[in-house]
Amino acid sequence: MNLKENNRITTLNEKMLHQPRYVSIEQALIITQTYKEHEQEPIIMKRAHALYNALCQLEIGVEQEELIVGNRTKGVRYGVVFPESGISWVDRELETISTRPQDKFHVRPEDIKTFREVIVPYWRGKSLEDVVKQRCGDEISAIGKVVKINQTDHAQGHICPNVKEWLEKGPSGLLEEAKQQLAVCKEEQKVFYEAVILVMEGVKKFYMRYHDLLVSSASTADEIYRSHMLEVARICKKLSEKPAESFHEAVQSVWMLFVVLHMESNASSFSPGRLDKTLYPYYEKDIKQGRLDKEKALEIIECLWLKFNEIVYLRNQHSAKYFAGFPIGFNIAIGGVDAQGKDYVNDLSHLFLDAQEDLGLPQPNLSVRLHTHTSDELLHHAIRVVAKGSGMPQFFNDQAIIQEMEKLGISHEDAMDYAIVGCVELTTQGNNLGWSDAAMFNMNKVLELTLHHGIDVLTGKQMGPDYGSLSTYQSFEELEAAFEKMLYHFEDRMIPCCEQVEKGHIDILPTPFLSSVIDDCMKQGMDVTAGGAHYNLSGIQMIQIANLADSLAAIKQLVFEEKRLLAKDLENALYNNFEGQEVMRQMLLNRVPKYGNDVAWVDELGIKWARKFRERLRSYTNYRKGPYHSGMYTVSAHVPMGENVGASADGRLSMTPLADGGMSAVYGRDLKGPTAVLKSVSRIDNNLTSNGGLLNMKFLPDFFKTDTGIQKFANFLRSFVALEIPHVQFNVVRKEDLLAAQKHPEQYSSLTVRVAGYTAYFTELAGELQNEIIARTSYDNV
Amino acid sequence: MKSLREQAMTTSECRGNVFDIKRFATHDGKGIRTTLFLKGCPLRCVWCQNPEGLKKEPQVLYMENKCLHCGSCVQCAKHGGVTIKQQHVCLQREAQEDWERIVDACPTRAMQFDSRSYTVEEVMEELLKDEVFFQREGGITISGGEPFLQHEFLIEILKECKKKQLHTAIESSFYTNWEIIQQALPYLDQIYVDLKVFDSALHKSYTGVDNKQIKENIAFLLQSEKKDVVTIRTPLIPKLTATPDNIAAISTFISNCYSKVRYELLNYNPLAKAKYSYLDMEYCFDENPKLYTNEQMEQFYAIAQTHGIQQFIKE
Numbered sequence: 001m002n003l004k005e006n007n008r009i010t011t012l013n014e015k016m017l018h019q020p021r022y023v024s025i026e027q028a029l030i031i032t033q034t035y036k037e038h039e040q041e042p043i044i045m046k047r048a049h050a051l052y053n054a055l056c057q058l059e060i061g062v063e064q065e066e067l068i069v070g071n072r073t074k075g076v077r078y079g080v081v082f083p084e085s086g087i088s089w090v091d092r093e094l095e096t097i098s099t100r101p102q103d104k105f106h107v108r109p110e111d112i113k114t115f116r117e118v119i120v121p122y123w124r125g126k127s128l129e130d131v132v133k134q135r136c137g138d139e140i141s142a143i144g145k146v147v148k149i150n151q152t153d154h155a156q157g158h159i160c161p162n163v164k165e166w167l168e169k170g171p172s173g174l175l176e177e178a179k180q181q182l183a184v185c186k187e188e189q190k191v192f193y194e195a196v197i198l199v200m201e202g203v204k205k206f207y208m209r210y211h212d213l214l215v216s217s218a219s220t221a222d223e224i225y226r227s228h229m230l231e232v233a234r235i236c237k238k239l240s241e242k243p244a245e246s247f248h249e250a251v252q253s254v255w256m257l258f259v260v261l262h263m264e265s266n267a268s269s270f271s272p273g274r275l276d277k278t279l280y281p282y283y284e285k286d287i288k289q290g291r292l293d294k295e296k297a298l299e300i301i302e303c304l305w306l307k308f309n310e311i312v313y314l315r316n317q318h319s320a321k322y323f324a325g326f327p328i329g330f331n332i333a334i335g336g337v338d339a340q341g342k343d344y345v346n347d348l349s350h351l352f353l354d355a356q357e358d359l360g361l362p363q364p365n366l367s368v369r370l371h372t373h374t375s376d377e378l379l380h381h382a383i384r385v386v387a388k389g390s391g392m393p394q395f396f397n398d399q400a401i402i403q404e405m406e407k408l409g410i411s412h413e414d415a416m417d418y419a420i421v422g423c424v425e426l427t428t429q430g431n432n433l434g435w436s437d438a439a440m441f442n443m444n445k446v447l448e449l450t451l452h453h454g455i456d457v458l459t460g461k462q463m464g465p466d467y468g469s470l471s472t473y474q475s476f477e478e479l480e481a482a483f484e485k486m487l488y489h490f491e492d493r494m495i496p497c498c499e500q501v502e503k504g505h506i507d508i509l510p511t512p513f514l515s516s517v518i519d520d521c522m523k524q525g526m527d528v529t530a531g532g533a534h535y536n537l538s539g540i541q542m543i544q545i546a547n548l549a550d551s552l553a554a555i556k557q558l559v560f561e562e563k564r565l566l567a568k569d570l571e572n573a574l575y576n577n578f579e580g581q582e583v584m585r586q587m588l589l590n591r592v593p594k595y596g597n598d599v600a601w602v603d604e605l606g607i608k609w610a611r612k613f614r615e616r617l618r619s620y621t622n623y624r625k626g627p628y629h630s631g632m633y634t635v636s637a638h639v640p641m642g643e644n645v646g647a648s649a650d651g652r653l654s655m656t657p658l659a660d661g662g663m664s665a666v667y668g669r670d671l672k673g674p675t676a677v678l679k680s681v682s683r684i685d686n687n688l689t690s691n692g693g694l695l696n697m698k699f700l701p702d703f704f705k706t707d708t709g710i711q712k713f714a715n716f717l718r719s720f721v722a723l724e725i726p727h728v729q730f731n732v733v734r735k736e737d738l739l740a741a742q743k744h745p746e747q748y749s750s751l752t753v754r755v756a757g758y759t760a761y762f763t764e765l766a767g768e769l770q771n772e773i774i775a776r777t778s779y780d781n782v
Numbered sequence: 001m002k003s004l005r006e007q008a009m010t011t012s013e014c015r016g017n018v019f020d021i022k023r024f025a026t027h028d029g030k031g032i033r034t035t036l037f038l039k040g041c042p043l044r045c046v047w048c049q050n051p052e053g054l055k056k057e058p059q060v061l062y063m064e065n066k067c068l069h070c071g072s073c074v075q076c077a078k079h080g081g082v083t084i085k086q087q088h089v090c091l092q093r094e095a096q097e098d099w100e101r102i103v104d105a106c107p108t109r110a111m112q113f114d115s116r117s118y119t120v121e122e123v124m125e126e127l128l129k130d131e132v133f134f135q136r137e138g139g140i141t142i143s144g145g146e147p148f149l150q151h152e153f154l155i156e157i158l159k160e161c162k163k164k165q166l167h168t169a170i171e172s173s174f175y176t177n178w179e180i181i182q183q184a185l186p187y188l189d190q191i192y193v194d195l196k197v198f199d200s201a202l203h204k205s206y207t208g209v210d211n212k213q214i215k216e217n218i219a220f221l222l223q224s225e226k227k228d229v230v231t232i233r234t235p236l237i238p239k240l241t242a243t244p245d246n247i248a249a250i251s252t253f254i255s256n257c258y259s260k261v262r263y264e265l266l267n268y269n270p271l272a273k274a275k276y277s278y279l280d281m282e283y284c285f286d287e288n289p290k291l292y293t294n295e296q297m298e299q300f301y302a303i304a305q306t307h308g309i310q311q312f313i314k315e
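Those sequence lines, one after another, are chains A and B. Letter 541 of the first sequence, counting from 1, is numbered 541 in this note's numbering, and no numbers are missing. Letter 209 of the second sequence, counting from 1, is numbered 209 in this note's numbering, and no numbers are missing.
Next comes chain B alone, as it looks inside the complex (with noise of 0.2 Å):
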């Protein structure tokens, strides 16, 4: 019996965690497109969308709204890491338990794990279901979690795309080594970065990391031969990224970097905060906030506009 820190270091490097394969993800690139969510990150947004996507090892996800009760998780547990009070299910993760068979004990998935770990053939078969859709244009984008979290398993994978001729495209948050990066490069087509706060006290206070080492890797990429296949992303999270200061910012110091630069302003979205719940999670907001309308995103863009960005990515 082990724990489940246990059961995934025992998973051998070629490995990688996998929290969702998302197929026809029609907005992490060009065409249709299939998104690998590599597990893990480096930050700790408190907006984060992919709240399961933080730890790098597997959790183990509980949906109340599918549960029927039935006590079957509860029978598998020997060492208290799943009890019902007062009709509740509770968790404790870190009991030693076999987690393997809990989950499997429920009949609704109501339980399960948040990810799973898959050798680089096992992704690539994945990858290649939609190779069909892919004929036009589109094709894979690999996501997080950070995905240079587990760069080596990124790298072969890209690899592999790259020797099926697949189109390839990455969302980072670009908080690694340059040279980590540098080896990934030539195996892509388009990059997403996210800079999601200027200001260097405030992104270590939102975040919980410095942002020295993601501003010089986005100078260094935007200098790249690269750089036409770039578009730098900010979240919009009322009050804390989306303020006119902070565009503000940001537009200069990218258009700066690279006059042509493509800059993408993504909509806030409330939907990730059921997903916390799952996970027995705090979300940042108590009252979440809606989106912003369209006039409401043009005042962004205006301001973008005013501090050097030319060229926008609108969905």
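Isolated chain A, as found in the complex (with noise of 0.2 Å):
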């Protein structure tokens, strides 16, 4: 089913695209006025009379074609300056925000002078950025090429909300729990319940300031969408005081949750999980009783669709880097095994896929989770929208992540019921403060310093200890015990700032109404952040063993074994950034096996060290007294922690990107296709990536324009499945990936393509024919 002559929808999506992104200070303002209102009372209820203040204060706006309203600026995709958890860089970077390469946004220059004048004087050195700065700021500068410690000037988000229990309680209902709870609790939980009192006292005035906006438009609204208005209104006067019952209620009740999270925190990646399973009684309820249909439906799930583009996330410039063209990263998990183990699946599932494959949207971060019995019309459905070219569905694998979980702790009931936070961050539903970005740790810096006397190549200066050099290590056994021990270093300096990070969040940002939708903060009355979670974890990303693989196999096989290549020569040459040195170079990239390739002896050797990592991650323990693991996953880090890095052993030159993706192998080296990347990826332990893996893969749109083509990629995606490999997602390549490797055809030189039933490396084809299948490749006519 597809909406493309819907006129709401059309609307609403060129309305969206079309409106510029502002920087707002509205809120910062209100919060600053309330902190100064309220400087003597403790930080949560701050917090909470600030959240209060902006549901009731903060200038709201609907259009008449919306069936699903809330946003927490008036204009659509703001980036909001929200000063608690960061104030300095922004002072540093307002005047470049407009202009810097990566996610702009217009500032209006009276907003300037009211952030320096009113704004910045408030709260310098108050906020978590410059907290965790006075506390901890000089090490995680010291280590900041091996390790990049997150969540320092902005709240954690990464957090999938108990979305089930919202909609049967809504704000009523968990505001008269917290009323019980306050009249029985112990002294000390007295401010938790006052403070969750107060934000659902303002999440209710929030839907009816809402219903009254809708009402005095609806009077000048065009005539056909009036009665829609008010319908919308009455529901929003509903909510206020009552659960949701119908499905148009609750998609309204689940989008006000996120809203009011985004309001509260300003963080990325609050995730609402298996929306399919939850809304399913809801949507079932209206079918059997004839008040919806399918088609109604869609047009309320795309309505949401659209909500989910509208909130971006303003981040500073070099997090804007690592986190490239805002994946805020609203992530709904579909399809999956049920509580029983056996195949879940429903009418919602595929609705969610069609307005995907209608809209094309960056969100939300469609993912399917797909196990030994996904039956064949939801995983060819789902084929059918990654064929569109969205790079979505991405999708998850049952059969490598639950066990994975159960091991760490986790319930089996709670385990079987994963969702995704973000991009690929795994997690429970509603119980989980995952921490899941914690850090990201580069294993290819540690082996630069290890080739180098513990030395920067970058700026020469002494940057680790110096355990030795290439030339000085008599055999690979050394150079790996040198390099075990400098990796061992960076981690155990890593882990106090982790620390120092999450003492921060405590100190500065107590969430009351996060924690009012997360078991069992509730019940404790404690905050998410304090460890108020039933599960507390910790996930820290290791970047990238393709890169590690690829330089240890080059010198293992090159310096040691086959000895074609002195010691001294390839490190002066690395420290150099092979200059004058192309045919090693050379040598490096094309006479040595690469990660990805199903060689066992080097996709292990990556692998082998990111084992040693993670085993001496899980000896630590978090500050919510919670375990720490690893994940394998980067977003778009691997340009920003590449330029981190010098020439690297295997090929790579100074300061260009690592490989993408977090399992990927490096792109352009992966020369047996694709089944031989699947075999390699399937060599990473899970446990290894229990914190989320990320498999990039590309295909030719051809591949999929036939219904063999479809059963052929579906035998494929089943074998990853049996491989009990996590994640995988596919871009499909476009005009664009094709221009680029007539260009840099060095970088490209594992991309295939396919004429006719043939296969061919297409930088190996004459220039003609590579303009014949430039011109072929297209997805205008689809």
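The hints are simulated quantities; they were obtained by calculation from the structure and are not laboratory data. The beta-carbon is built from N, C-alpha and C at its ideal position, and this holds for glycine as well. Worth double-checking, as some hints may not be accurate.
[Said to hold, decoys possible] Beyond 10 Å from chain A on every Cβ pair, some chain B residues (computed): (1) R93; (2) Q165; (3) L279; (4) Q310.
[What the hints assert, rightly or not] One side of the interface only, derived from the structure: several residues of chain A facing chain B at Cβ under 10 Å: (5) E582; (6) M584; (7) R585; (8) Q586.
Hints in hand, dock the two standalone chains.
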């Protein structure tokens, strides 16, 4: 089913896409004023008052076409300045936000003035950013090229609230619950419940403000939309008092939950989880009672989908490079197994895919959970949507994920019901502060320091301990021993930084609203940042085993085994970024097998170190008394993290990107095709990616043009499930990729193309043929 | 020091020359497949897509676009096998050289052997790497060259595949003895046979061999118990095979052999041209023709249909 002709949806989509993005200081002013008025109160009450005031005072807006309303600014896609989390970077970057290379926002001159005169003076030294800097800023920058510590200037986010409970209780139910708890709780818990009560009152008012605005706007709206607007007004009024009952009410309620979460935290990756499962009872009831049909349901879903694209997140310039293109991370999981381990799929799973197919927008981040018994129907539907080229849905593998979650101490029931937050971060639903984006650990910088006496080759300065250099190690084993010491050295230095950041969040950013929808915060009367959640994990990303494996394999084979290269020569070449050593660089690139080609010894060289890293990580406990675990994903961080690393022994030039994804091969080096890539990736133990792993693959659009092609792709994904790989997502190669391959053939040597039943490496084709293929490879006609 | 020819001849009988093992082959049969390309072909089709598969012996391939002109190869060539003339690397492939060493010296693999010798065990190890992808459908396809040219090796591999319960397919010209084909048939699940040109004289002039034996073998095959797993294929080469007369004659012949025969017309593949330069060979077209459009393809199908074909394989 599709709604391509639907006026409401196309109008809303156009309105959204054509609005300019601005930086907004409206909420920052409200927060600042509130803090001044409540100076003596505990931090959690200050935060509750600030949210309450924002809910009562922020300018709001509605569009006549909207079936789902609510946003945290009147304009869409505004970048909200949030003084509690970070102010210094905004102060530094305010003038360049409109011209920076990634994720630009307009800034109104009068806002710059107010920001500097009213906001900055109050917050300097008080925001999370400043506090973390005071407590451990020097250490964070000293290890910065190896470890990027995250969440230092914004709230954590990366959490999947208990949507089901929110729907069943609503703000009124939660308010009532907090009141009951308040009457019987211990003295030290009181402030938590008081904060929850206050924010719930705010949410109820927020709903009523939308009701009032809709009623008053309806009178001037186009006639065809008037009755719908009044219906949405009715829903808002009802939801301020009661839980949702109909499907439309439930969807509105879900959206308002996420608006308020963003208003409270201003963080990325609040994810709805398994929304096909959570919303189904509402859908089913309406369908049975004849109040809803599939087309109407799809329209409501698409209105929600559009909403997911209306909130973006203002990051600092550095962070915008690591997380480019507003990955706000509304991740929705569909399919998967139910509590009994049987295939779970319903109409909504398919309608969600239909909505993605229709809109092709970046949000929500749609994820399909696959398992051995996934229905052909869902799998084929998902593949047809992939073929459209939006890169979605992505695929997760129950066979790889559930048992590893259980090994972390998660109950069987919760593990079976897992969802995803943000991009690929694995979580349970509604009861887990996973802190999944705690830090990224650059193993390739560690290798660089190991090969050069602990010296950062980009600056020539001592950055780590001197355990020797490539030319002083007498054997590959000796090199590995030094690498191990260097790895642990930085890992051990990372942990106290992570703890300081977590502590900063407890001290500065308690979140009563979020805590009300995360079990067991309400029971314990404890904020989620302080450890009130049922599960308290912390995830560290290991970056990137592909380059690491390739570099170690090249050194092992060419220096220590074949002795084709002298250690001293290679060390010098690396230090000098291969200047005048192109032949050596080509040898490193071409004469040694690479990760991602199903060559076990090479793959293992990378994986081995991930295992050691994780093993040590597991010996630590985080600030909330939960376990650390590991992931392998980068979002776009392979670019800036590559900028931190000098030339590497895999033939990579200084400061150029690392492999993308997390589990993927270095782009262009996977020459044995997609099955070999999956075989290589399947060698990664799944406990290494219990926080999330990311595999990117590229396919040509031709592949999906026939039913046979889709059937073969389904076989490919079934094998992905059998190989127990946790994640894969597919980019369908576009014309731009091919044009780039013509310009930079060396980066695209694995790109294969197909003509009439024949596959060849694109870069090895003559120019005229390349052009012919480019002419055919376009989505214009889809 | 041995010439390439001599190096190849020292290989024992249980070995075969393989010029490619392509994983994730998705258009040589059902499902996801691994295709094994056996080297050597008795035919010399002027349009051949895999010119590196023609000679049975290993040859040195040279890809100028990958070459750094670093001279590593020239230094290893003691007998004039590799020289640089006017900034171009020139190969004398017949020269008595230690070609292994020359190829090994190339930092970019611009120079490489087009094939290598494998034992049956080595081939099986490669073929089984993607076993997990063959579970629902899919399997092994053996192609060439002409796979029957190394028939002992071929049959050993097929037997091993069947021991592992792998689905097997073959792509062949059937230019071989029926007795040899008969030995392979029990181990084959899917059979693709090319019938390129019906007219004997034209066949001889385009492929270098007579087609009498091919037609006889096709007739036998289409009367055998394997007839339902057979697909006859004609590659559409502009002006050469892609003529109404040829399509009509082939269609009549094969549908007379077996009325439900499956027939596939392979669109012209303009990609082969690039490979010829790597081997310093001449290609049959100076100006590379374009792919046939869907409409043109339909015209060819229509001709085949009027001449008795009921079942088409279309990609």
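Consistency of the hints with the structure:
No Cβ of chain A comes within 10 Å of the Cβ of B:R93; the nearest lies about 21 Å off, and the non-interface call holds. Every CB of chain A lies more than 10 Å from the CB of B:Q165, the least distance being 16 Å, so the non-interface label holds. With a minimum CB-CB distance of about 14 Å to chain A, B:L279 clears the 10 Å threshold, and the non-interface call stands. At roughly 20 Å, the least C-beta separation between B:Q310 and chain A is larger than 10 Å, which holds for a residue marked as non-interface.
For the restraint placing A:E582 at the interface with chain B, the shortest Cβ-Cβ distance is roughly 7 Å, inside the 10 Å limit, so the hint holds. Hint on A:M584 holds. Least Cβ distance to chain B is approximately 8 Å, under the 10 Å limit. At about 8 Å, the closest approach between the beta carbon of A:R585 and any beta carbon in chain B falls short of 10 Å, and the interface hint on this residue holds. The beta carbon of A:Q586 comes within 4 Å of a beta carbon in chain B, closer than 10 Å, and the hint placing it at the interface holds.
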